[in-house]
Each structure stands twice: as structure tokens, then as C-alpha cells.
Amino acid sequence: MIPLSYYLVFAAALFCIGLYGVLARKNAIAILMGIEMMLNAVNVNLVAFWRYRTPDLIVGQAFAVMVFAVAAAEVAVGLALIISVYRSRHSISADEIDMLKW
Amino acid sequence: MGDPITLIAEFIRGLLTGWGFSSGLVTLILKFLGVGAVASFVLVLDILLVWVERKIVARFQDRLGPNRLGPFGLIQPIADVIKLLIKEDILPEGADKVVYNLAPIFPLATVLLLWAVIPMAPTILGSDVNIGVLYIVAIGDLGTLGIIMAGWASNNKYALIGAFRTVAQMVSYEVPMVIALLIPVILAHSMGMQSIVDAQSVWFVVMAPLAALIFLITSIAELGRAPFDLTEAESEIVAGFHIEYTGMKFGLFYAGELLHALTVSALMSTLFLGGWRGPFVEQAPILGVVYLFIKAFFVYYVIMWVRYSFPRLRIDQMLNFCWKFLTPLALVLLIVTAILDKVLAGAATSVYILSNLGANLVIAWVTVQILVTYAKRERQRVGQEREIASFRKPEVEELIAQEVVK
Amino acid sequence: MTPITIVFLITAIVTLGAAVMVVTARNLVHAALWLILTLFGVAVFYVLLSASFLAVVQVVIYIGAIAILMIFAIMLTRRVMQDTGPTVNQGWWLAALISIALFGGLSWMLSTWIGFDTNMPQLSQGADSLQQLGQALVSPNAYILPFELASVLLLAALIGAIMIAWERK
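Chains as they are written, first to last, in my numbering: chain A, 1 to 102; chain B, 1 to 406; chain C, 1 to 169.
No lab work stands behind these hints: they were computed from the structure.
It is possible that part of the hints are untrue.
[As the list claims (entries may be wrong)] The calculated label-pair distances, taken between Cβ atoms and stated as ranges, are: (1) A:A94 x B:I335: 39 to 49 angstroms; (2) C:R26 x B:R379: 52 to 62 angstroms; (3) A:M99 x B:E88: 34 to 44 angstroms.
This one's a predicted model, so the numbers in the text were calculated from it and none came from an experiment.
Here a beta-carbon is modelled for each residue, glycine too, at the ideal position from N, C-alpha and C.
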């Protein structure tokens, strides 16, 4: 049998790898990928807690569905922003987009 | 009375337990054998489909088709396979080796995965998940991933543009397809495929013909077949995302496309035409497989008929058709079906069936009226007298009028 | 070592390995493909946790929509076919340190929690989480308000994304 600790440690590891991706990578899309991994880690945590602690209350899964919707909305807007920035600056490297207007 | 497959499974289980394997291991071995059996059956059927396709297209085009190799040309597909196997296997320069080699696997593998949830008889079913319908949508998504990998890894701009267009078309047409798939789910009150077939004492195509039509159209668009085959037609973009593929890798794409067509036909017959239902199927469950395949081949024939009868659509016409026509129609149909389901919750079955059929016909008639009005307006707009775009002075006009009179 | 534990360990190793490849891959399209493998691994975890609907929705939304959208965005914003230059910025060692410290801190804090080692309770026989979830999302006593707000959010994101990415001549 798999105790809850396995899932929690896995989710923590996935979250920290995503955090490294957000903090260390230069390309804006790679940063977005790190954010997606963090959201997935949070979701795994939610569903693991639902399954192990309160399997008869469905609120864990409902919350996870909300996180799906929010993640999808955020990726859509984020990628639209990135494409718009690429059109004017011709670069999506996070350390080259550091001037407001020239 | 059981069916042959269950009898064979029980026999093997008895044999293996007699040899001393634990019951968990025996179940695992049986499941692997089942997977192998279904996959082999479907892949062999795929080879037959190559022959069926070529013969039927030939007859539609008033010619004979392959008839040299074997009786009625039945050995032709084997010759095709041998030809593909002995071709040179190229890797284009600058192509990404891992992704290029991995990409052809996805379309064929995902189609094989779909056969796990299609119920072939009351007792023969790969896996009875209670979210079967959503599983179909999910696996379809994995197929589009293979296409974009193929297009990008070929290091060829035509392949990339073709892949973009194909994926745009497939992702757009998924929206009305999912909405049309929800209608049998509402009518059967369950998402599991076996439950949907069990609930079809009256076939769903009678209760929701418009939903069946929308599902058929969107599935043909998902397959990438004519009239939606702009993305891979030879006269348009030189074969699109699979330009750089030769030999057996192209064979995987081609076989995957044909098998996808048959799988979609089997899905449509399961969801709308009653699946394995037919006379005497309770007594001899193996007949369920026969009925399912008869219905699947009938729908496959309709898909081929559509392919060889309609001209190709342009990409903007295709996307307009999806977003401005199919999606609102599917949404309206979904809302009406859901409302009818709630309102007639306790009514008799015949009332339910007739009201659903009536609602579908009313929506279809209203749609046709709207289309007729739109077409009339378009024709008037195009055929109007318009100002000729030239600027002539009035004196010049008089001179010209005098010339004409003379 | 029950079969379930073996499946869990294999999936966890594959998912975490793919996640590490996402953040260290030089070629962005490769990073996107590793991300797809990570998301698929998380879907397998949902199946292990008896949340089958969430597993399929994960594949449909994340892999079928979000990952394909990211691949499109990557292909539309490339200057040259190959990436050159460092993929990490100057303070990457500090980021790695923070991540490892956070992971250690989270694991330690969770291990001091009393419920850390609970085992999986049996699901009651008639429970159908799919039906419960459906009813919870549309019932006025349950979560219809967050559900409707999520749909408004998606509509706003849809309109916003189109307006932002619209090419103005």
C-alpha cells in the first residue's frame, strides 16, 4: 500500500523543479512551462488529500477542476502576451525585455 | 451460453493456474493476451481496408481497380506493404532524429488505443471505464500531437505549414465533436460505452439524427479526409506534414489514417446505431461482433462516398463552417436535448423518443431556412449592378453616346 | 512490494526525470515534449488516486490544448531554428539552492504532521465520484458559484487573448 507521504513528497519535488524552471530560465515560454508544473503539483496534492482524508466529500476534486480552468486561462493569456511582445521586441528572453519604452 | 472468447479465456486461466501461477499473475497474462488479440485483429483488418478503399474508389470513378494480383486483387495490399518495406529510409538533413522517428508512432498507436473501449459484444469489452466517451476525446488529442511533431521534425517549411493547418483544423473540429458526443451521454445517462449501448433499445440515430450527422461531419474533418483534406492534398501543399516521410514510416501514417476511419465508423455505430445490438444477440453473444462490424463498414462506406463526391474546402471555408455553423448548431442541440431530458423525466419512452426526434427535425428545418435566406441574400449581393470604377467626365460620356448612336 | 507500489515508483521516477529535462533542455521544442511526458505522468497518478475523470480531463486539457498551444507559440517565436547561448540566467545556482532548500523544508514540515503516514481508505462500494462531482458542480448548495465564475474567467481570458494577440496594422 502507498502511504500519503509518497504523494506529498512527489508533489513537493515537482513543485520545486517547477520553481527552479521559473527562477532560472531565460526564455519566457520556458518560465511558463515551470508555472504549469507547479500548478500540476498543487493539483496532485489536492487530489491526494481528497483520496486519503475525505473520500466522501467531493470538494477536493471540485477544487482541482477549478485549478484546471484557471491554468488554462492563464496559459492562453500568457502566450498571447508573449507573442505580442515578440512582435514588437523580436525577443522573448526575459532579461532582454527590461525597458518599458524606448 | 457464453461466447467463444470467454470460454477460451476460462480455459487458459484454468491451464495456467494448474501450472502453479498465482491468480494475480494469471489475470495479468490474460490481459496481455487480450491486448495482443485485439491489436492483431485490428491491424490485420487494416490491411484489408487498403484493398476495400482502392476497390471502392475505383468503382465510384467508373473503373475496375486492382484486379491483377490474386482474385479480385486481394493480394494487392500485401504487394503495397512489401513495396513500402523495401524503400529507402531517409532522414532529412537538419531534421531532429528522435522526434522524426517518434512521430509516426503516435497516429497509429492512439487509434489502436481507441479499440480498448469499443464494446464488441455484451461480454467482449476491452476495458469498461465509466468515462469511455471522454477517453475517446483524450486519445484523439494525442494523435494531433504526433502530427505536429512530424511537421516540425522534418525541417521543411511546407511540412511545418501543413502541420499547423492540420492541427488548427483538428483542434477546431474537436469542439463540435465533443458537444455532439455529449448528446448520447445525455440520452443514456452515462458516459460508459457499454452503458450507452445498453440504453439503446431504440437506436440513438432515431432520437438524435442531427447529432449523428454533426458527429459524422466532425469526425470526417478530424480524420483529415476529403472534403476536409486541404492539409494533405497533393495539389495544395504537396502532401503536407508527411512530405519527408518514405517507406514504412509513411506506411504507418497511411495505415493509421485508414484505421482511424474504421475506428470512427465503429464509434459512430456504437454511439448512434446501437453497437452490437441485433437479433439473437443474447443467445449467441459472438453475433454482436458481426453486427458491430456490419454497421461499422456501412458507416465506412458512407465516409468513402462523401470523400469521392464532394470538392475540397478551402481552409477559411473549413474554419468558418466549424466555428460559425457547427458549433452554434451543436450547442443549440445540446441545450434542447438537456431541457427535454429534464422536462420529460418521468414520461413514457415513446413520448421521449418522439419529442427528441421532433426537436431534432424542428432544429434542422429552422437551420435549413436560415441557410436558404442567407444564400439568397448572398446571391443578391453578388449579382447586383454595381458602379463601374472609372471616372469619366460628362462631356466624354456625351461623345461616347453620340458615337454609339452613329 | 505490491504491483501498485512498483507502478507508483516507475511513474514517479519517469515524471520527475521528465520534469528535470523540461527545465534543463536546451532546445525548447524538446522541453515542450518532455513537459507532455510530465503531464501524462501526472494523469497516471490521478488514475492511481481513483480520480479517473480528472485523469482524462488532464490529458484533454493539458496535453491536448495547453501543450499544443505552447508548441505553436514556440514555433511562432523562433528567430533561428537552433537555440544559441545560455538557457539559464546568471543567478541559476541561487535558484537551484532555493529549490532544494524549499523541497527539504516542505518534506521536513510535512513529516512532522500527524497524518503523514495514513494509508488509503477503502472507497465505499456504491460511491461514484463522477456522479458526485457532476452534482457538486451544478448544485446550488455546493459549487455552482465557483463553476460559473470559472466560465466567466475563461470567457474573459478568451477575449483578452484574442485582443492582445491581434495584429494591428
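A quick look at each hint next to the structure:
1. A:A94 x B:I335: 39 to 49 angstroms: holds, 45 angstroms
2. C:R26 x B:R379: 52 to 62 angstroms: holds, 57 angstroms
3. A:M99 x B:E88: 34 to 44 angstroms: violated, 53 angstroms
Consistency note: the structure conflicts with earlier hint 3 alone.
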